[in-house]
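The primary structure of each chain is shown beneath.
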Amino acid sequence: MGFDRRTFIQLSVGGTVGILFTPVLWKALDDVSIWTQNWPWIPRLKYGALEDQPAVSKLCDSGCAVKVRKVAGSAFGTEGNEDSPLSKGGICPICANAVQVMRNPNRVKGPMKKVGEAFEPITWEDAKSMVADKLAAAKGKVAFISGDQTGTANEVFSGFLAGIGSEDYLQMPCDMQAASRAYNGVMGGTGQVAYDLENSDFVLLAGADAMESWGPTVANQKAFAATHPTGEKPTAIYMLASPVQTRTASVVDAWIPVPEEGMATFLLGVAYHLIRAGKYAGAADFGSFRSMIMDAYAPGKVEAAIGVKGADTAALAKQLLAASDPIVVPGGTSVATATAAFAVNMLLGSLRKVSEFPKVIQSAMSTSERMSKDLLTWVNKGAAPAVAMVYEANPAYSLPDDFKAGFVVSFATEWDETAAKADLVLPNAFTFERFDDMQNPYGIGKQTYSVGVPVCRPTLDVMASTDFILDVAASMGINLGFDSFAEVIAAKAEAVGADFDEASGGQYEGSYSSARASVLGASVLSRAAAPVRGNGAVVLAPYSQLIVGSQNVATTPNAPCVISTNVLKGGTLVAMMCSATAKKIGVSDESKIKLSGGNGEAAALVKINEGVLPGAVAVPLGLGHTVGDEFSKGVGDNVYKILTVRSEAATGATVWTGSTVNVAKM
Amino acid sequence: MHMKEFKIKWGMVIDIDKCTGCGACMVACQVENNIAPMTKKDPYNYVQALTKDRDDADNKLRTLTWMNVYELSNGKSFPEHEVAYLPRPCMQCGNPACVPVCPVVATDKNEEGGIVSQIYPRCIGCRYCMAACPYHARYFNWWDPLWPEGMDKQLSPAVSPRPRGVVEKCNFCHTRYAKAKDQARENGEDPMNLAEGAYVPACAEICPSGAITFGDLNNPEHKVHELAKSPHAFRLLEKLGLHPQVYYMSKREWVRKQGDNYNAGDKH
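Heads up: the protein sequence lines correspond to chains A and B, in order.
Under our numbering, residue 666 is the last one in the first sequence; the count climbs by one each step, no gaps.
Under our numbering, residue 268 is the last one in the second sequence; the count climbs by one each step, no gaps.
Just so you know, nobody snuck in bad clues.
Dumping the calculated DSS-like pairs for lysine-lysine here, alpha-carbon to alpha-carbon at most 30 Å: (1) B:Lys76 / A:Lys594; (2) A:Lys633 / B:Lys41; (3) B:Lys251 / A:Lys233; (4) A:Lys309 / B:Lys251; (5) B:Lys179 / A:Lys70; (6) B:Lys40 / A:Lys70; (7) B:Lys153 / A:Lys70; (8) A:Lys633 / B:Lys40; (9) B:Lys181 / B:Lys153; (10) A:Lys113 / A:Lys139; (11) B:Lys41 / A:Lys109; (12) A:Lys141 / A:Lys421; (13) B:Lys60 / A:Lys633; (14) B:Lys40 / A:Lys607; (15) B:Lys153 / A:Lys46; (16) A:Lys359 / A:Lys373; (17) B:Lys179 / A:Lys88; (18) A:Lys233 / B:Lys257; (19) B:Lys109 / B:Lys179; (20) A:Lys633 / B:Lys52; (21) B:Lys181 / A:Lys70; (22) A:Lys109 / B:Lys153; (23) A:Lys607 / B:Lys76; (24) B:Lys76 / A:Lys592; (25) B:Lys109 / B:Lys223; (26) B:Lys109 / A:Lys27; (27) B:Lys257 / A:Lys569; (28) B:Lys76 / A:Lys233; (29) A:Lys592 / B:Lys41; (30) A:Lys607 / B:Lys251; (31) B:Lys60 / A:Lys641; (32) A:Lys584 / B:Lys76; (33) A:Lys233 / B:Lys223; (34) A:Lys46 / B:Lys179; (35) A:Lys141 / A:Lys114; (36) B:Lys41 / A:Lys46.
It should be emphasised that the hints constitute simulated quantities derived from the structure, not laboratory data.
Produce the complete structure using the sequences and hints provided.
Below you can see the structure in the form of structure tokens.
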């Protein structure tokens, strides 16, 4: 039988029909599509029982109350804790990524000591005896730098420091410190100033980027949300005075452009109208305060100093007077600004405070004592302790000036600039792997206490720094009254009156009380409130976004996709300025420039943004790490290094408001 | 064009006047949906010396942001300038542009709830859907999803990681919908009549400023039902007739005007 045309057609048609009807081909195609997507390097999911465990996440400055989401006992994410007044179901962008930070390969995997330029592993026992020996040899010349604003851990460390004869317990510069020094120092009050945003009907944010980086951002946003119900009439007015239209500015009812260094002047300019309207404050120096305001802060003088029109301050004062529960919230590290804001609040009768919780370690410092020492003043006086210990802070990165010490111990959880510089790195257990707590996060409106218990088992050779110090204290014969931090936390929770159990932590909510300051700070404000600027071409207006990171925490793994090209572009930080400023210094959109000031320089791309005060350049803090993972290391430049530190007149606080830089085209 | 109607229509009303652009929703979305951090090096690429690095997050054309927050400006000079933030998930259009163009039916809108599906193993990566979507809500995996060492120890059980060559998008955290329905069945309740809050996507849940309200647009007991009818509510590119299930709200007229893009000088 030959192979003719008919046979060929029969075979072709038969074959086509056969292929169409056989499942083999379709199954094979299906398999191909599945198996070409099924590579061994693509992670498989693990399934199991789902659970949520309440915890505290102390990555952001104020801390977030979260629930750690687990599957089959293993954490994979976080969600808000609806039962917590700090969260009410929300979380900040840093703590939203907390589990990924915990699993980051950049974590310090075990205790390390520096040998030459490299690090070598060391056992915890050897580390304890090494630290004890160094401390004994230091004879009291020991400093402790803490970036933890809210934890009872500070009691352990400051109590221990007192035991070895040192008072150099230093807090990283923060807004809380400025407020504490203003209220407890300048104004003679006691306690922590509280801002009851939830119940205020008029909120003036004086430099406080409350919805982005100031204070308990999540609680602030929740308070804002509650007074601005979707689809209904708002029950409060929010205003922001700042040099840059930050993210807070995108939602407030009005933005008032005010230079950062002129914020105290601006507030005293508002006080002028309040006093003219007959407002009075029961403080010993009210007479001199009144005279100072009338002499130096009349509308014309304020406009000449900071460019804010008298009509604007008058209108603002009118709104403050019309409100039933107004509040002014200062931001920044200037003690003068905080004092001016509190003086205005006193005139309005709305200055409130929360009392500190009782200490459980008697030799420890109180919160206000902790906040009273100025770290940068101490550094610039040439302090050179034999031993410096650093906890939850990265001073080598975020201090504009370098600190020196004979022997540096870093309790870093992740490798950072300070850990790389340290002689001994003793990894602290991650926030979900240890007992920790948050007492009255600064900015909160009422007494708040949250306790977190370990909800994740450590997978690395880490140890809670509090337990480490308690062990060292015991070996040196210093009795702090507790053997473990778990006991400290249990005692604290009891002293506070919190509903606490060792399985799920606990919390306590109290109230606020009216604050009573003996003076308004007239003698200090008369010297400290005037704006001071450097001599450079433009004023720096540094701003923070949690998505970029904080003083202590670098950009988290999932954050880079979120960071805007108005902050970082092509690996270079973006300097925003309005068109008038750009024209004045001869640059345009996308120009590559170099900003020089302080102790360094930073490369930047220009972005025209009409939401920046003329004469100012807005730059993001938190970039330009030199140590860390690929999400933060070598990404942009470090703006902290181009800030110019100065001592604020009369208050002695180190501030960098009014820092200027020179601009060169690249 | 014929539009499929559903008894349940999950939707969002996003109050732009409350969104601070903080980005928590974008992070929560990545964690919930196993979107890997962008890493430059690929440890499985054994000829790395011969190939260039993977893109990092700086290249916004390569990032996977199912939820993306855009910055809006009123375009005025200082001091009249204003800024706003607009979070953009998948619009779950009533009349989706992406569905009819898919040659392999990897995306469809056929389930009660009106969520536009995306079947990853079926997707052949042709990207017609991406070209069709006017909201840029669809993303192509240019690279395999690789987590830094140890970070993939425990991923979210909600959704499998998608390989290189596949298009993906927001599905209103569909696993949460399935779970909420299961929970309702367990409780002896009607899974087709979920109470407000029983099903909430990760972005809406985490949002600290409560800018995102989520619910069934067809259910009068859900807040979104009324909010979507507000005089301040609008949808993006409404003139295209895709009928998005995501609504926005703003009292600011300039924000509402930017909801539909017009050429400068157009009358509208």
